[in-house]
Each structure stands twice: as C-alpha cells, then as structure tokens.
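J.: Input sequences plus hints: build the corresponding full structure.
As given, the protein sequences belong to chains A and B, one line each in that order.
So for the first sequence, the numbering used here puts the first residue at 1; every next one is plus one.
So for the second sequence, the numbering used here puts the first residue at 818; every next one is plus one.
FYI, nobody ran anything at the bench for these hints, they're computed from the structure.
Treat the hints with care, since some could be wrong.
Said to hold, decoys possible - Non-contacting residues of chain A with respect to chain B, defined by C-beta distances greater than 10 Å in every case (computed): (1) Arg-45; (2) Pro-187; (3) Ser-348; (4) Thr-488; (5) Trp-537; (6) Thr-575; (7) Lys-663.
Unchecked claim - DEER-style ranges, computed between Cβ atoms: (8) Glu-895/B / Phe-782/A: 43 to 51 Å; (9) Ala-902/B / Asp-588/A: 43 to 51 Å; (10) His-888/B / Ser-700/A: 48 to 56 Å; (11) Thr-811/A / Asp-915/B: 21 to 29 Å.
Claimed, not checked - Straight line, CA to CA, 25 Å or less: simulated DSS-like cross-link-like pairs of lysine-lysine: (12) Lys-869/B / Lys-524/A; (13) Lys-439/A / Lys-904/B; (14) Lys-904/B / Lys-5/A; (15) Lys-524/A / Lys-904/B; (16) Lys-869/B / Lys-3/A; (17) Lys-560/A / Lys-869/B; (18) Lys-78/A / Lys-869/B; (19) Lys-104/A / Lys-249/A.
Fair warning: this is a prediction, and the values are worked out from it, not measured in the lab.
In this text, a Cβ means the ideal position worked out from N, Cα and C, and glycines have one as well.
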Amino acid sequence: MSKQKLAIIGNGMAPGRMLEHLFEAAPDAYDVTIFNAEPRVNYDRIMLSPVLSGEKSYEQIIIHGDGWYIDHGVMLYKGHKVVKIDREARTVTSEHGETVAYDKLVIATGSNPIIIPVPGHSLPGVLSYRDLDDVRAMMLAAQSRNKAVVIGGGLLGLEAAAGLNARDMDVTVVHLMPTLMERQLDPAAGYLLQRAIEERGIKVLCNANTKAILGDTRVEGVELADGTVIPASLVVMAVGIRPNAELAKVAGLEVKRGIVVDGGMRTSDPDIYALGECAEVDGQVYGLVAPLYEMARVAAAHLAGETAAKFVHADTPTKLKVTGIDLYSLGDFAEGDDREEIVLRDASAGVYKRLVLKDNRIVGTVLYGETADGAWFNDLKKKQTDISAMRDTLIFGQAYQGGSPLDPMAAVAALPDDAEICGCNGVCKGKITGTIKAKGLTSLDDVRAHTKASSSCGTCTGLVEQLMKLTLGDAYNPSAVKPMCGCTDLSHDDVRRLIKAKGLKSIPQLLQELEWKTSCGCAKCRPALNYYMICDWPDDYADDYQSRFINERVHANIQKDGTYSVVPRMWGGQTSAKELRAIADIVDKYKIPTVKVTGGQRIDMLGVAKEDLPGVWADLSAAGMVSGHAYAKGLRTVKTCVGSDWCRFGTQDSTGLGVKLEKFMWGSWTPAKVKLAVSGCPRNCAEATCKDIGVVCIESGYDIHYAGAAGLEIKGTELLGHVATEEEAIEVIGALTQLYREQGRYLERIHKWAKRVGFDTIRQQIMEDGERRRTLYDRFVFSQKFAQIDPWAERAQGKDAHEFKPVADLTLREAAE
Amino acid sequence: MSALESPWIEVCPIDSIPLRGCRVVRTRHMQIALFRTASDEVFALENRCPHKNGPLSEGIVHDRKVTCPLHNWVISLESGEATGADKGCTRSFPVRLDKGRVYLEASVATAP
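T.: What follows is the structure in structure tokens.
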C-alpha cells in the first residue's frame, strides 16, 4: 500500500509530540510535510523564560534537531506561513507559493498574543512574549540596561519581568487586577508572590489600567488611567492569548473561540484535525502543555487508525518558572457555602498552603513557598480520596501522615505507582521506576530521553531524582561528574589535571595511564586530548594529526560536497592590490567557483578540490599570504574599523592595534574558535562588543571586553577593564587568552568558560594580580614560538603530501576477466 | 577468460596509509577508502557515508570504526553499517594483506 500524505500546519510542541507518537505506532503510514511560520525546528516554548534570564541557551531547549526530521523523512518548510487551505483540491499553499497535497491535514497554528489596542500599541519597542524572536528582541533591548514595563501580572508576564530583571533592566509590572496571577492564586498567595517579586527589585502596580503607550518614533513610556507616567524603552504585553483560528475559518471549518474539534481532535471536515492552542474541545481552549500533549496523543492514535482514543479534560497544575519562587496551584479554590478550607501560614518562612475541600475531598490546592506535596495533593484530588481520617494533619503533607515525620525519600517511596510526577508530560511514578529498571538507566538525561519526565518545564526534576535514588540506591550519584565521552569516566577537568600531574605527553601513553575503556578513543575525546597536550607541552608534544578533525588536518574547511574552502589571512582586515591580484589569478587558474567576503572581513574561495590545495597555497605563499586559520579551534580573525587614520571620530589607531594583535596571536590553538575586534571609538563599527575578545578605543585609552557571542546565541561582552596603552592592551589580551587556553574545556567558547569560572575571578587574575598576568602572558608568548609556523607554506613545499593525493589509481585498468 | 590472471591486485604498501588513518583508491566508477587501524588491520569501504555521501576517508579512525567528518555518523569499518541509533550501510570490499602489501580484488577496478 502506498503511503498517505500528511500535511501539518505549525511546528510547535503539540504537533511535534503527535509525530513522535505517530512514528512509534505507525512508522510507515505517512509521508509527512510540515509548514512552520517560524524559521526553525521544534523547540520547548515552556523554557523560553530560562533562555530570557540567561539560565539556558536556545540549543538546550531544542526538542527536535534538524537530524530528527531527516531521520524520519519529514519535509520541513521553515519560515513558510500557510496562507490557504483548498479543501476541494485537498492542498495547502504557503506564502512563498509552495503547494502541497494532503490526504490528512493537521492544523496546529497555536495562538496569538492579545495586544490591547491602546494608543501607541504598534510603536517599535512594544513586544509580545510568544516565541524565540520575542525573546531575542527582549535580550537585545535589555543590553541598554534601561527601563522596561511589563503589562500583565499573569504567568507569562511575571516570567518575562523576572527574565528582564535578571538581565539588569529596571522593570515595572502593570497589572489590571488587585492581585497577581488571580486566575491561579487566591489573594493571600498573590500577595506573598508580589512581595517576593518586589524583593528582587521589580516594581509591581496592581489595579493599574494602561491608558496609552507614549512615544513619537519608538516607545518612551506607559501612561496609566490615573495619570501616572512610567518611563520605559521596552514594553512587553503579556495579557493573554487568543487561539489562532483564522486560516481554518477562511477555509470554512467550524470555529467558535478556537477551531471546533470532537474528542478525537477531528474538525468539521473529517480529513482535517486540529490540536494545540488553536483547538476548542467541549467548549474549552487550552494553553498549558499537559492537555496539549494529551491532544497530541489522541490525534496520533486516530491518524494511526486507532479510533477509540478520546480527549478527556483534566485539571493541570500551574507552576511559575522563576528561580527561587515556589508556587503550585491546582483546581478550583473559589470560596462557597458547601466548601471548607484548611490554611497554613508561616509568615517568617514565607509559606502559605491552602486546601479547598468539598464533601471531605480536595477540589483545589494553592501552595506557596513549599510545594513538595503538590503531587500528593494532586493524587488525592484525582482519586477523590476521602480525607476525614487525616484531616488534622493533612495540610502538613504526606510526611506527617501516620505518626512521626518521615524523610522526603520515604514520602516519595510512599506515593502510589499511578501518582503523577511530571504534569507537563503526564508521566506517573510507575512508568519512571519501571523504565529505569527495564532499560538500566543511570543518569537524569537518560530518564528524560526515555520517559519524557522532567524534560519540559523541569520543576519535577527533584522528584525524578528522588525516584532514581530510590530505584537505583547508591548506584545513583547525582553529583557525579560528566565524563568526557563514553571512553572514560573522567571529566575534562580531571583529564587536564592528570596530564599535568602525571606528565602525559602522547595519546597512547595517556590512554594507557588513564585506563581508557576503548583501544584508541573516539572522535569526541581524541581531538580534545590532542589539544590539551599541545596547550600544556608546547615545546615537547608531537601534534597527532590523526586525532585532529579533517579541517585542522588539511588546514582548510571541508564543504558538503567534499571540496574545501580557502581563506588567506588579511591582517586586521586590510588587503592590497597585490594580494587581490594574486587571489584573482588563483581563482582563474584553479577555476574556483565561488569567492565570498566573510563576516570577519576576509576573502573566502569556495569549492577547491583537495588535490588543488597545495597548488593554491603555493601561489598564495608566493604573493606573501599565509593561512587565515578559518578552520581552526584557534585565533580566527581580528576585525577592525579604520580608526584615527581616516575616521573623523576615531580616537586611536584601531586598525594598527588590530594588526598588532593578529600578528601576535595568529597560529595559537585554543579550546574553541576565538574572534577579536578592535573599534576606534564607542560607535563600535567593528562590533567589538559581541566578540570573544573586543577592544573599544576611547580618548583615554582602551576598554577591553570579552565573553561576547553572536552566533547561535547572542550575548554582549563583559568589560574586563581599562588600560592606557597599546602595550598594556596586548599584555592583558595575551594573558586572558592563556588563562582560557589553560582552563577552557575543549569546544567551550570563551563566554561559556567565563560564566563557568566566574567573571570576578577572571578580572581579579588578569586586571588586579600583576604577577599572575605577567606569568600567563609569558606562557602565551612561549607557546607562540612553536605555533607560528605557516601550515600552508609547509604543505606547498611537500609536507603531508599523502593527504592530498590518492594512494592508487585503478581507473585505467582493464576489467579482470 | 584468462585462467592465469590473478583475482587480486596489489594496491600499495601498508606503510603508505597513516596509522589510524586512510588513503583513497580511485577506480573507474567510484572512490574506495582504505583504512588502517591502530592494530594494523586494513579495511576497504566505498568513500561515501550512507547519510549524505560525506567522504569517510577524511574522518577520524578509532577502533574498527570511522566518524564521518560531515555529521559525525560512526561507520563500522568491518561491515560498512552505521552504528548507534543511525541506520544505513555503505559498500565494503574484501582486502588481503601479504608481507606488508595491500591487495584488493581485481574486479573492484571496474565495479559499478
């Protein structure tokens, strides 16, 4: 039977989860095409708050990387918004004109943020909080360290406020209602929450009605109905969401608040399903992840032909993802004549617990400050357990039932197997402990991968770890260091320490001495070991080329078709007629198909055959050019502006300093690539404040920055310090680089290293401890003596010739009879 | 058919392949990658990763495996099969080692 065609509009968490279920149940049933209006893969939207606050990076929240789509044969159109569903022809069409036919269609268009239509709501600087683009825009705005107003004191608004506050913005939350999160919290807990938020330096204004957003060309402030004006350069609207059902409506499907579906997620057209925040089932629309994942499970079952699956409403607990604030809310907690309540307050500890009971059964729970018993209360509520027998001690939690207080492990042990541990993914205790045993799992990451528990918002991580401890006993050691790779139990830091301590100077010796589990390592550990020994023994270690990634082995960048790209060094980004003429001749001579200017101010020749590399290098050498190391975990480029030589604003000779730095540092190997820039004035045309190391010249000297990033992550630099002269700048930068070379883990960029070891420690060692700086600098200078040999000139003269030609050519041989 | 023609052809001395390394043999219709492991075994695979045709000859060789330089698939040198969670297989060819010389079957020179 030929495969049916399944088209999906939207690539959020719900359709992603649906496909996981579908590929498990019926891997070969469908050819799948996904249209994603966002130009990226499926990522965990719940984790946007930790990305905003800087606790996580975008890569850490990806659910399905590009490889997943390839492995499952899914065609993913990134950045394609669907503009039309043709139900007659059974096709969907994207805004870029891509038309795809379907047998079954799934609509998962999610929701749109509600924008209050006050004057000024469309000014630049007014953002919503829905996707990664919003987060990136906020991170960029936060670099101004200016004032922000968040409109809306609900879950999203408070997470946004906490994230912006963590990025040093001055934040005010403006909330229409009398207390925060009034839909999930009663006023008492709302008050405690407000106090905790205010303690972090965030201002909270309740009963505050926004009248207008002020500003001419961009946001300048917010005006409230009572006339108060709050100055702000950033306004985040987080007042709620509305199902995005427009496309379905135009296509003639039944739409009320959302796209109307039955219990099997089917719309009014039997071949079209809808799920996620855009769907309305039994008159309800949903925004929390647990019910959306339940919809995904049901839709996948129907698509796999199992039509008995049905979506059932269940209350979902709410948790706030702000570090240091514990909050849990579940069910219905309104007061009523037929209801009773049990309340525990401990003002000094900041604890508030409230259980709402009806007929001796729990109907609602609010926990603030201490939420460990949330899962237990949820279980009692779900099972409608009669609590009369334990009523006196119920509020103290599970540990206090039956006499003496139990330890937390015993409390977890006492939970029944069907108690829900992970609310986001609907995973119960029995599934977790059963999978740990069946698959022999020993790490939290493994448990996350196999059960999905604790893989979304992460608030149940503690519980999952307790379950692991319970199941594995002493075999589970949560503080165990992460080994370098599967070949050893030692961490990167252990290995570096032992290389020094034991004087290990070759890879075979190291593998033997440190009892490697494999005969000769793997592609993860060998390049790391090679780097560590080059760094530690610059004059005494023989570089092992077979342990280097191909790019560093042949000194060029491998491309997808097996050809290479060649980037000659142009000191500080300056070139000359002679160099350009030589490059032009080489491009003609070797018929190089593409020539491109790089982001680091260099010229890149792409599509060079491997056999031609030595010839290309010989011609470049003849014109005086050397390797640009564009392939290296080492110094890449020093980008500069023209500085005081030409620019009317230039304060110092930024080009000159850039050239000096590049001539000083080229050829050095580092844990990951290192890019520099020097700007001649604070206008910063060389973009020095997003580089690994950046210099910004000012009248009085040089501000030295470091730990920036502008790739997968965007991060402004930290200021390391100020120096008066070029010589001091070079010494500081050399010492900083050496410290990073000695402490960085292989593939760890400067900003990650700095965050791990601490900015203050680094500043102290480089800027305040002159002797330490000097010895680091001296070690860098010593190591450069052995590193500054142009690899291209060597190879043009015949070194490693075997790398560049075949060992035998059998093309002319006649067929053997 | 010539009964005297040997079914094996000598390709190169083993020392011309770096230890834990690889060299390429060109044939009429493809490239064959000759791998030499740390313990001096030699294996021959078609020089195309089953994933995206990456040149396996440029990968890092470890144990009896090679890691493709393009997307880090790990391919078994013995079978040509992808290992771990990845699925796919590249062609493998018999190799003979005799007195430090490497031989391939003569038929590979014209194999499609």
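J.: Hints first: check each against the structure and report whether it holds.
T.: Here is what the structure says about each hint:
no. : hint                              : in the structure
1   : Arg-45                            : holds, 26 Å
2   : Pro-187                           : holds, 51 Å
3   : Ser-348                           : holds, 52 Å
4   : Thr-488                           : holds, 13 Å
5   : Trp-537                           : holds, 21 Å
6   : Thr-575                           : holds, 30 Å
7   : Lys-663                           : holds, 31 Å
8   : Glu-895/B / Phe-782/A: 43 to 51 Å : holds, 45 Å
9   : Ala-902/B / Asp-588/A: 43 to 51 Å : holds, 46 Å
10  : His-888/B / Ser-700/A: 48 to 56 Å : holds, 49 Å
11  : Thr-811/A / Asp-915/B: 21 to 29 Å : holds, 24 Å
12  : Lys-869/B / Lys-524/A             : holds, 20 Å
13  : Lys-439/A / Lys-904/B             : holds, 21 Å
14  : Lys-904/B / Lys-5/A               : holds, 24 Å
15  : Lys-524/A / Lys-904/B             : holds, 20 Å
16  : Lys-869/B / Lys-3/A               : holds, 24 Å
17  : Lys-560/A / Lys-869/B             : holds, 8 Å
18  : Lys-78/A / Lys-869/B              : holds, 20 Å
19  : Lys-104/A / Lys-249/A             : holds, 18 Å
Comparing the model with each earlier hint shows no violations; every hint is respected.
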